[in-house]
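Q: Chains as they are written, first to last, in the working numbering: chain A, 1 to 114; chain B, 115 to 229.
These aren't lab readings, by the way, just hints derived from the structure by calculation.
Every residue gets a Cβ at the ideal spot worked out from N, C-alpha and C, and that includes glycine.
Treat the hints with care, as some may be off.
What the hints assert, rightly or not - Restraint-style ranges between C-beta atoms, simulated for each label pair:
(1) GLN45(A) / PHE174(B): 33 to 41 Å
(2) LEU153(B) / LEU7(A): 17 to 25 Å
(3) LEU229(B) / LYS69(A): 21 to 29 Å
Stated by the list, open to error - To give an idea of the chain B side of the interface with chain A (calculated C-beta under 8 Å), a few residues:
(4) VAL152
(5) PHE159
(6) GLN162
(7) ASN191
(8) SER200
(9) ASP216
(10) THR217
(11) GLN218
(12) GLY221
(13) PRO222
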Amino acid sequence: AQSVTQLGSHVSVSEGALVLLRCNYSSSVPPYLFWYVQYPNQGLQLLLKYTSAATLVKGINGFEAEFKKSETSFHLTKPSAHMSDAAEYFCAVSETGGYQKVTFGIGTKLQVIP
Amino acid sequence: DAGVTQSPTHLIKTRGQQVTLRCSPISGHKSVSWYQQVLGQGPQFIFQYYEKEERGRGNFPDRFSARQFPNYSSELNVNALLLGDSALYLCASSTRDRSSTDTQYFGPGTRLTVL
C-alpha cells in the first residue's frame, strides 16, 4: 500500500530564509509524487509533480523538489521564503490500480516570520 | 477557463440528516474524484467516477454515495449524518481515470458542519 509521511506538522522560517518541507513515501511500485499547497479556506493547488522524467522537479512560485529513490524522499524546497508562502503544504503519492488513487500526507503548515 | 466549481460553499446540518454536494469539473475533464478533509488532516479519497461509472472507492461506509451525470458533473450524497462527517469536502477533476501522472485539479470545497 502506498503512503506518505510528512515530517513536521508546523514549520517556521524567517522571510528570505530557505524553506525545506520533508516528505518520505512508501510505494510498492514506482511512485508518482505531488506537492500541493492549500491557502486558508481554499482548495488545493498543484505546486509540482514527479513523473519519472527528471529527479529534480521545478514548480510554480519558485518551489522545487528532488526525488531520491535511495532515501524514498521527495522534499520540497524554496531558496528564499516570502510572506505569501504561508500556507499548508501536502505531499501526495499516486499509483494506478484500476483507478487513480491519490494518498495525501497530513500536511505541513508553513509560517513565515517577517 | 473556469476551474472546478463546487456548491454550496458552506452547509450546516444536524445529525441523522442527509446532504447532497455538487461538483462541476473543468470543461473536457471526464474524471471526478471526491475527498474528505477533516480539520488538521490531509484529504482522504472517497470516490472516483469516470464516464459516469464508479472506478474506485475509498474506505468509507455505505452512507456515502455518489453519481456522475452525462455532462460529467457529480453529486456526493451522505445519509444519516454523524458528527464525524463534519469536514471540508473536495472535488477534483482530471482528464483520465487510470493515469497516475494526471494532475487532479481541485475545487474550493464545501465546508459541512454537522451539529
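Q: Are the hints correct? Go through all of them and say.
A: Structure-based check of all given hints:
1. GLN45(A) / PHE174(B): 33 to 41 Å: Roughly 25 Å apart at Cβ, these two residues miss the hinted range, so it is violated.
2. LEU153(B) / LEU7(A): 17 to 25 Å: The hinted range 17 to 25 Å holds for LEU153(B) and LEU7(A), with Cβ atoms some 21 Å apart.
3. LEU229(B) / LYS69(A): 21 to 29 Å: violated (48 Å)
4. VAL152: Violated, about 10 Å.
5. PHE159: Where the cut-off is 8 Å and the nearest Cβ of chain A is about 6 Å from PHE159(B), the hint holds.
6. GLN162: Holds, because the Cβ-Cβ distance from GLN162(B) to chain A comes to roughly 5 Å (cut-off 8 Å).
7. ASN191: This interface hint is violated because 20 Å lies over the 8 Å limit.
8. SER200: The hint is violated - SER200(B) has no Cβ within 8 Å of chain A, the shortest such distance being about 15 Å.
9. ASP216: holds (6 Å)
10. THR217: holds (5 Å)
11. GLN218: Check passed: Cβ of GLN218(B) comes within 6 Å of chain A, closer than 8 Å.
12. GLY221: Hint on GLY221(B): holds, closest Cβ of chain A at ~5 Å, below 8 Å.
13. PRO222: holds (5 Å)
The earlier numbered hints that this structure contradicts are 1, 3, 4, 7, 8.
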